Structures are given as C-alpha cells and as structure tokens.
Amino acid sequence: MKKLHECLITLHNLVAPHHYRMVLQNKDLAIHSSPGQFVMLEVSTGYYPFLRRPMSIERIFSDGVSILYKVCGEGTKILSTLSVGEKINVQGPLGNSFPIPEGYPHYLIVAGGIGVAPFPALVEKILKVRGIPPEIILAGKDYNHLLCEKDFKQMGCKIHLVTEDGSAGQSGLATDVLETINTQGETIVYTCGPLPMIKNVHKICVQKGWLCYASLEAEMACGEGVCLGCVLPAKMEIENEMMARVCKEGPIFDTQVILWDKIGDR
Amino acid sequence: MKKLHECLITLHNLVAPHHYRMVLQNKDLAIHSSPGQFVMLEVSTGYYPFLRRPMSIERIFSDGVSILYKVCGEGTKILSTLSVGEKINVQGPLGNSFPIPEGYPHYLIVAGGIGVAPFPALVEKILKVRGIPPEIILAGKDYNHLLCEKDFKQMGCKIHLVTEDGSAGQSGLATDVLETINTQGETIVYTCGPLPMIKNVHKICVQKGWLCYASLEAEMACGEGVCLGCVLPAKMEIENEMMARVCKEGPIFDTQVILWDKIGDR
Amino acid sequence: MDVSLQISIGKLILKNPVTVASGTFGYGEEYAEYFDISELGAVTIKSLTLKPRLGNVPPRIVETPAGMLNAIGLQNVGIETYLKYKLPFLREKKCTIIANIYGTSIEEYVQLAEQLEKEGGADAIEMNLSCPNVHDAKSKFKCPLIAQSPEWVEKYTYAVRSITKLPLIVKLSPNVADITEPALSAEKGGADAVSIINTLLGMAIDVNTRKPKLRNVVGGLSGPAIRPVALKMVWDVSRTVKIPVIGMGGICSASDALEFLIAGARMIAVGSYLFRDPLVPMRIIQGLRDYCLTHNIDDINKLVGSVIVE
Amino acid sequence: MDVSLQISIGKLILKNPVTVASGTFGYGEEYAEYFDISELGAVTIKSLTLKPRLGNVPPRIVETPAGMLNAIGLQNVGIETYLKYKLPFLREKKCTIIANIYGTSIEEYVQLAEQLEKEGGADAIEMNLSCPNVHDAKSKFKCPLIAQSPEWVEKYTYAVRSITKLPLIVKLSPNVADITEPALSAEKGGADAVSIINTLLGMAIDVNTRKPKLRNVVGGLSGPAIRPVALKMVWDVSRTVKIPVIGMGGICSASDALEFLIAGARMIAVGSYLFRDPLVPMRIIQGLRDYCLTHNIDDINKLVGSVIVE
Ligand SMILES: Cc1cc2nc3c(=O)[nH]c(=O)nc-3n(C[C@H](O)[C@H](O)[C@H](O)COP(=O)(O)OP(=O)(O)OC[C@H]3O[C@@H](n4cnc5c(N)ncnc54)[C@H](O)[C@@H]3O)c2cc1C
Ligand SMILES: Cc1cc2nc3c(=O)[nH]c(=O)nc-3n(C[C@H](O)[C@H](O)[C@H](O)COP(=O)(O)OP(=O)(O)OC[C@H]3O[C@@H](n4cnc5c(N)ncnc54)[C@H](O)[C@@H]3O)c2cc1C
Ligand SMILES: Cc1cc2nc3c(=O)[nH]c(=O)nc-3n(C[C@H](O)[C@H](O)[C@H](O)COP(=O)(O)O)c2cc1C
Ligand SMILES: Cc1cc2nc3c(=O)[nH]c(=O)nc-3n(C[C@H](O)[C@H](O)[C@H](O)COP(=O)(O)O)c2cc1C
Ligand code: FES
Ligand code: FES
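Chains as they are written, first to last, in the working numbering: chain A, 1 to 266; chain B, 267 to 532; chain C, 533 to 842; chain D, 843 to 1152.
There's no promise every hint is true.
Think about it this way: if two alpha-carbon atoms lie no more than 27 Å apart in a straight line, the pair counts; the simulated DSSO-like pairs of lysine-lysine are [said to hold, decoys possible]:
no. : chain 1 : residue 1 : chain 2 : residue 2
1   : A       : Lys248    : C       : Lys626
2   : D       : Lys1053   : B       : Lys528
3   : B       : Lys501    : D       : Lys926
4   : A       : Lys2      : C       : Lys774
5   : C       : Lys743    : C       : Lys583
6   : A       : Lys87     : B       : Lys343
7   : C       : Lys616    : C       : Lys650
8   : D       : Lys1007   : D       : Lys997
9   : A       : Lys235    : C       : Lys583
It is worth saying that the hints were derived from the structure and are not from the lab.
What you are looking at is a predicted structure, and each value in this text was computed from that prediction instead of being measured.
All chains should be built: construct the whole structure from the sequences, respecting the hints.
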C-alpha cells in the first residue's frame, strides 16, 4: 500500500470563522482509509514549516477524503491559502481506527470544537455496519464553533447542541450533557476535543460503566512510529507501563489504557 | 522617504521560458525610483527563503515599477507562483542610478541575457533628458533569451541582436559586435549581464577610450549597506583601495574603479 | 559508464554510502512499507540500551525554524527484545545493520557490544557517546557528555574495541569547541569511523505559559537549520583523522549529501528529513548516481574530500 | 497601567531592553532612514578596530535554511574615522551607543577602550572576543577564539576593566562545550554584562564547482536557525552569573524576544532579521509593551528569568 500521495484539492471552503473543509482527491488514499485515521499534510515545499501537519480524516469518499481544520498557527495558515486545483502531498492513511464492536445498542459521540473532525466518517460507518444512528453531543465555545450539525442531521442522528456562552443549544459543557444521558443496554462513547474535556468524558464513562474511545493528539514529527515523539504513558498490556505512540498505537485509544495521572495538564 | 512598501501585483506574465515580468503597483516607490536602482523583494512570509531577493527596476510608471526576472532558484520559483491581485513586500528603491552625463552624442547599451532588465527604464530616461535613442546590443544564448526587443524598437533604438547559437541575429557574443562598432564623438557604454561579459565590455571600452557604466551583482543580505556582504574591491578615491558595497556605492559602477584582477572568476 | 557507489567502513563493505540516522528510522519496520530498505547502504537502528527505556516525559518534540528539537530520552525496547523481535525482520530483509548503542558506563557499552556480536545482532556498532537527552536538565544543567571529553572518548572506544571485531563507529557531539579532539581520540581508541554529528543542544519556551515547550526543558536540534554547522565539522574532522567520517545533520537531498561527501564524509545519514519524506534516502542514492554520471566519476570514493579550497 | 521597559547594564540605564546586534546595523545611518533609531534601548555598532579593515575577499554571504552564513571579516572604518565621521551622527540623534571593539591583542582592546572613553565615543563597550571570521580558515583551521578560553576571557576582560569606567560587555561564542565557563570568567574579570551569542561556525559547498560558497571557506551562522541554541545558552548563563545577559541569535519578533527575556536575558539584540525587516526592533518594543499590558506586568524586569521549570 502506497502511503505518499499527490492529492488534488477539489474543494476548499470556509465553514466557520477560521475553520475550513478541504477535499483531497486520491482514490488510493480513499480506498485504504478508515474512520479515526489521519493524514500528514506537507503544507510547504520549503523548510518552513519543517514538519508535516496531522489532520483527522473527516469523510471518506470513493475518490478522496475530506479534512476539517482550524487555523491556529503558521502551518494551518499556509494550508488555508491553497486553492482548488492545486496539489498537496499527503501521507496516509495513518494510525488505527475507531473500533465498532457488535452488540452495542447505543453509540454516543462527544465532540468538542474542532474535535468533531473524525466523526462524520465514523457516523457513516456505524450506520453502514450497525444500522444505528449514533447520538451526538456537539459542543463548542459558541454557535460558530458547532460544526457538521447539518451533516449529522442528514444522517439521522439525535443531536445535543451545547455552547459555553449559550449562543446555541444548551449552555455549558459537553460533559454537563453527558452526565444527564441515561442509556439502556451497553453503550460505547467516542470522543474527541480538548484534553480536559476528554479526561472528564473518560471519568464519566468510568462511573457509568461505559466503554470510551478517544481520538488523542500529540506533537508529531513522523506520524509513522519511528521518532517516538508523540507518546503518551499507557498501560496496554498487563502490568506493563509503556509509552504508546499516538500515531501508531493510536490516535484512537480505549481511555482506560491511558495513565491520565501521568499526563498532567498540557 | 519610506522604503518599505506593500505592493499590489497588477501584472505577472511569462515573457520567455523561465522569464517573467511583474508590475508592482505603488506610487511612492515609483516616484522615488531612477533607472539602475533595484528593489529587494520578500518572496515568502516565513523563514524560507530567509533573505529578500534583489531585482533591478525594469521600467518606472506613474504608479508603480516593473521587474523582469529569470527563475533560477528557490526564491524566484516562489516569486513566479504569485498571482495578480496578491501583495508583496518590496524594499526600495535601493542603490545608485545610471549617470547620464551631458555632451555625449552616443549612448550604447550592451545587455546579456537577463542583464537587459535595468535598460528599458534607462532608455526612456535618456530619450527624455537627452533626446537621443541609445544603440543597443541585445545578446543571449538563443532566440528565447533576447528580451525587450519590441520595447526598444518602439522607443526608436537601433538594435543589434546576437545569439550564441545564431538562432536570431548575428551568431556570437555581445562583445564580438561591440568590437566592430565605431562611433564618432564621445561615447558612453552601459552594460549588464554575466560577469565575464561585463569584464570584456570593460576591456573593449578601455581600448576605445569609452566611458563604461556597469550594473553589477553580488550576494546581498541587507541591500542597505549595513551587512557589508555585497562588496567588491574598488579604487574609488585616489590611492585608496576599498571594498565598495554593490548595494550602496553601486549597483552602477564606472568600470574603471573596479579592481577586476582581484575579483577572480566567481 | 558504470558508477560504483560502494564504500567501506573498516572491513565492512557497503553497496552505497547512504544510511539513516539513529533514532529516525526505528528498527526499519515502518519505513519498509515505503521502500525496499535493503537498498540502503546500511540501516542504523535506534539506540539500544541493556534494559528497555521509557524515555522522557512528553512533550518531546518542538518544531523550530527549518528544524526541530527532540528530547526523546532514548526510549527503546532494550537489547533482548531487539534481538528477539526486531532483528529477524532486518535479517530477513537482508539489511546491513549498524546497531547504535548507549550505556551509562563503560561496562554497559562493552556488554551491549559483546552480546550484539555474539548473537549476530549487528554488522557494525555505533557507540552513541553524545545523546543530549538522558540527563536531567534541571538538576545538572551541564549535561556532561562522554563525547565532550577526548580522554573519555578514547577510554570508552578502546574498551569496546578490545572486545569486538565488528566495525566500530563512534558518534560525536557538536557541543564542543573543537570536534577534531574527540575525533582523534576515537581514532586512537581504535574506532573504524566517526559519526559527525549528533544534535546541538537547544531550547524553546512558550511565552504564554512561560514553560519550556519540551517537558525536559532542553533538547537536541536537528534538521536543515544545523546543516552548515555539521558540514563544517565534517570538513574539520575529515582533514584530521584517517578513518572514514559518516556525515549527518540536516541532509535533505542528493545535493546536501554531495556537500558532505565533497567536504570529506565517506558516508552520510539522513535523519529528521525522513519525517517529511520517507523516500529521501532512495532519492539521494539515485541523485548520487546521476551526479557521478554527469560529472564523469566512476567511483564515488573519488568524490570524497574533493572540495577545492583556493 | 503604566509599563516600564527600563533596564540597566552596569550603571547605564536604558529606556528599553532592545538593541541591535553588532555588524547588522552599521553605524546607524542607513536604518535611520527607516525609523527613529533613538527609540532603541541602545545602538550597537559594527566592531571597531584600531586601523580600518578591508575584511575578507568576497563572496562573504550565503543563505542557509532559516539563516545565513557570513564571513565579513570585520570590515570597518577604524576608530579614527568612526570618531570623526560616524559618532557625530549618533550623538546628534541622541542614541545610547554600545561600541563593539575587536583587537588582535590585549593592548589593542585596551587602546580602543581608552580612546573611546576619552573621546566620548561610547556609552558602553562590548568586547567582541568571538568573531569567527578573522582567522584564515585554511591555514589554522582550529580558529582559536579568545572566547573559547575561559582563562583568556578573564585576562582580556580584566585588562579593559582596569582602564575604563564605561559599562563593559563581553561577547561570547557558542562554539564551546559549556558557555557558562567563559561567562563566569567574564564576570570575574569585571564585566558588567555578557552578550550571548555570536555566530556558530558553519560552511556550505557549491556541489557543481566543488568550491566552498564562501571565499573564506568558513563563516558564522546566524538567523532563526540558531535561535534554539542561543536560547539554551542564555538560560544556562543567566542561571550561572549575576551580571545581566544580553541575548541574541535568531530573534525575529516580540515573541522571540520574550522567549529570551523569560529564559533570563535582561536585554536582547536583533541581528540578521533586520535584513528582512528593518522595522523589527520597533515592532519588538511595541510587542513587549503589549505583552506586559496583557499579562499585567508593570516592570519588564519582573519577566526576566521567569521561566517555569517543573
Ligand atoms: C492525530 C491528529 C489529528 C488531528 N486532527 C485535526 C483535525 O482534524 N483538525 C484540526 O484542525 N486539527 C487537527 N489536529 C491538530 C493539528 O495537527 C494542529 O492544529 C496543527 O498541526 C497546528 O499547526 P500550525 O502550524 O497551524 O500551528 P503551530 O502552533 O504553528 O504548530 C507548531 C507545531 O505544533 C504542532 N501542533 C500544534 N497544535 C497541535 C495539536 N493540537 N496537536 C498536535 N500537534 C500540534 C504542529 O504540528 C507543529 O509541529 C490533529 C492533530 C493530531 C495529532
Ligand atoms: C542589484 C541586483 C539586481 C538584480 N536584478 C535582477 C533582475 O533584474 N532580474 C533577475 O532575474 N535577476 C536579478 N538579479 C539576480 C537575482 O537577485 C538572483 O537571480 C536571485 O536572487 C536568485 O534567487 P533564487 O532564490 O531564485 O536563487 P538561489 O540560487 O536559490 O539563491 C540563493 C542565494 O543566492 C543569491 N543569488 C543567487 N544568484 C544571485 C545573483 N546573480 N546575484 C546576487 N545574488 C544572487 C540569492 O539572493 C540568494 O541569497 C539581481 C541581483 C542584484 C544583486
Ligand atoms: C527524533 C530523534 C531521535 C534521535 N535519536 C537518536 C538516538 O537514539 N541515538 C543517536 O545516536 N542519535 C539520535 N538522534 C540524532 C540523529 O541520529 C542525528 O545525529 C541528528 O538528528 C542529526 O541529523 P538530522 O539533522 O539529519 O536529523 C535522534 C534524532 C532525532 C531527530
Ligand atoms: C553580517 C553580519 C556581521 C556581523 N558582524 C559582527 C561584528 O562585527 N561583531 C560582532 O561582535 N558580531 C558580529 N555579528 C554577529 C551578530 O552581532 C550576532 O551576534 C549574530 O548574528 C547572532 O544574531 P542574529 O541571529 O540575530 O543575527 C555579525 C553578524 C552578521 C550576520
Ligand atoms: S509522530 Fe513519530 S512516533 Fe508518532
Ligand atoms: S547587501 Fe548588505 S551591505 Fe550590501
């Protein structure tokens, strides 16, 4: 499987202030991608920025994938200046993907801000393989930070909107809503967003006895498991503390394997 | 006088293989520019390339200037990807300009390849202040490397075309033609192009007793005379060898002040 | 014309002068998905220690202008796991293996080298005497590296030299006033080659939190930013010692690799730039061949140290 | 809130902690066309020598990834011309002047400092003990710099300290294993501050001609590429000496400047990035003020060395 692709940019839209959606056309990439995986984008041909930028795969089409990203620094700023018709070098798909085990009547997604990015693909996959539309908690700072609502609606999901300033949906945090949800039968939670949110989602899931998978982030250099830059302390095998590579053992982790106490508040 | 300008790119054309003309709109810059001066272009907003790129001013309009450049490395490659409507940070005008002393019935220009760049502005100026169209030797590797011929024709110049491969005009070097030219009365030669050509033009001028002004190049960091990176050995005051800054004492030099023996064949 | 890219390090003959820098290629498995890694002159593996190491607390990586800082802290599987689970893959692929080792004492280096030789775990050994990331930057900020002491370099090299017949490479640090001194010591100690350079010590601070961007505070700078420094050291060392120099530090292209060979490196390694382009070693091998053809060079060894200084 | 950016170096009080690096600002005339140079905390002038110097044979400059190499070789007008033709301009502009000096012996440094003090040519003196470009790289490639010998640093500093009351700054080289040693020597010798860092030794080769890109073969690397290295050295030195540290090396923005102050620099200098943006010192002064306002800091000195190491 080839993992380096010259992709044609076939769509590039501003979807909210500072947020863009980009469609990367490449059949090979599309065919091998699964929900939860990510790509590493070469945002410049020179040495600035030096490293590629990791981005979750948002949706998987027959001939390409889309990404959803927020401009926050130099790399994403350059990315945002690229035009439809230009090409970009994409490495991927990388990392593992969301497990969708059988026998769970309830799939619950908790997305904070740009953390929504990997979920459209996941919802499509769950619908396809399990036929159950997941329930979604879509949280953000304000109305502008709630992305993909329409897509999820079209897919038939029940959506809880939450904003910190109350400008849309309920006022508060994603976890406020999560705590109030009571499901019947086995439940799986998928989450992605700011680390403090993920930690709290994990805690609530532990209390409720729910399985929780999180898409985690870390500074990455290689995206392929060789540099050992992106690790998090985890306990994946019995009695064995390890440094798990977010790019290889992750980015999707059962939140119970992460040693949260050792991560601190980065 | 302000020397840092955000310029609007109002024209950007491929004029020959790997050669482009770019018009930089900015009134302030235009008003203060003289033929022979140059600008330093910020070709990237990041650190790669790190330094600005020097380019001669090709023509001076009422609200801007044009440059004519050849893509040869990373910086000019990036430059060539900019589009009309984009902005670019331009420092200038920098350096001295071509002297056009009175009392010379003959102005002769010897341009090699992209070395033609500073001459359209010079011809316009000579026509304006002296009313005499200069005679021009336009030399290049082949037909594709002869630039601005039409412009010079429109300005009423007598033109000698010379190509190394004979694909246009006379076959040979600019200096072959220069040697055959006999003028009556005082003559000034202006030249720009590859260093070996300039050296030979200088030699011929010495033989013929002609005054010769060359536009010289050197690796530049600051373009403003502070780094002392762009120097050439020269003897500008009596009995005093000095390192003349191409960006400040130049780029236009009376070729007799340059210590050619000490320059070597870089 | 036939171009020979073959070079040798000690008695080891390599089909071309291109390897990868320790710590940027794991144990070869991952990038084997990108190209046939047996095409490399050699695979240099991540530093091995006697026991597995967890490495430093993250964040371990910061991007910098034209480079990066890392403070991995020698996370590795340890020699046992390497021999059992990583080596078979490399052998199956028919790779020439340079095993990079790190110890906290002479004895550990000796033990690592002995075990590697006994169990066929390496075709050459590279002693990492220059890792900047294994000391606690807070308590002992002088981070003394073995490679900063010519005397120690000789002792360490000699000790390992005495117990192994494997070609022995000593990897030195740029964090010195004059790198020719430890290089000479390595030669005297019996090294077959020196690797020039490991990373430069560096640091970055998040001005909003006022915390260092690396949890370990200090890290090692690599990438094209350091290339001019590495090249100068390669030039210095190759004029000083008689053993081959393996050059590394910011190599991103065949042209960069050629600069190092012309400056005097017999072999080169690609490090951080692999993270941008895993195929770069292949591009370099091809580029070296093309250059030799264009410049009428039938043997790459003729290029080594051919810099023309007026 | 009122923000004070005032700092002091020895008994010299400066209105803000921003200066320019020697050799990147000439004697102030050129960039005075771009901004009011009296707004700088101080103007640091190009190294002065007793006699005028022509400097090295060109090419003297090569661009490198996120940086540049220079081998100017201390071309300068000499102290006489400086005092006669350059100083009046700086005085008229009411600039605070840091005069950087370079000598080939202790006596020359002493003579330069004496004359500067006598003729009012400086408000502070910076001794450049670390210029990498004045030795012939071909003949003596070890290029011994005074700043590489703690003993010499102390001697040189002490000699100049003995004859001048002007605030005395010693500029050190990053081409050492441990920069805290020469820094301590400078302090012992009586320096009022140390400048950290001069350029790193580096090199580049044109692979087509196989000639070094600099005629002098070796040059000094500056620019953002070296920022992490400079920052680490500033952090080391500022925890070691009690005198102020002037930090420089790749500073391009207020955020970069803040990194140095937080790491422990009392003052910072902008060098190579001036070539990209001559207005950057003004942007930095404004940016420091803005940061202090946002972070509720009334005195920039409170920021100095405030890095939080866990
Ligand atoms: C597996 C994975 C998936 C991601 N998916 C998305 C996505 O779908 N949409 C999206 O907007 N962002 C996503 N991110 C975060 C995104 O990679 C960063 O926002 C981006 O790299 C910032 O680059 P920059 O140059 O704009 O910012 P800068 O701050 O200039 O970046 C400087 C350095 O820090 C790194 N960095 C900065 N922020 C992060 C971060 N949050 N995580 C990891 N590294 C970071 C950069 O890669 C770079 O090396 C993902 C990160 C990871 C690890
Ligand atoms: C005063 C002056 C006027 C010039 N006018 C023109 C012009 O009108 N049209 C034009 O096409 N070119 C002109 N040049 C040359 C032009 O500046 C270089 O071709 C250009 O900088 C190359 O940049 P690059 O990044 O594409 O090449 P690279 O080779 O990648 O550049 C690497 C470095 O070398 C420097 N450099 C490379 N070639 C030259 C050169 N010939 N002279 C000086 N520095 C060089 C670059 O500035 C850069 O620092 C002029 C140069 C000077 C000094
Ligand atoms: C992420 C990373 C990990 C590294 N780990 C090691 C290591 O384990 N042992 C070692 O000797 N060098 C290690 N190095 C140093 C490299 O082998 C190499 O010397 C250095 O990075 C310079 O080359 P480059 O600029 O091409 O990366 C590491 C470098 C990086 C970037
Ligand atoms: C072109 C150039 C000339 C320099 N000349 C001198 C000099 O004369 N004296 C000196 O002490 N440092 C000199 N330096 C070093 C700078 O003052 C500074 O220490 C170094 O460049 C690091 O800062 P920067 O990365 O911001 O440029 C020079 C640097 C450059 C780039
Ligand atoms: S990013 Fe290199 S190991 Fe994960
Ligand atoms: S380019 Fe700096 S002095 Fe001319």
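Worksheet entry | Index of numbered hints that the structure contradicts, given in increasing order | 4, 5
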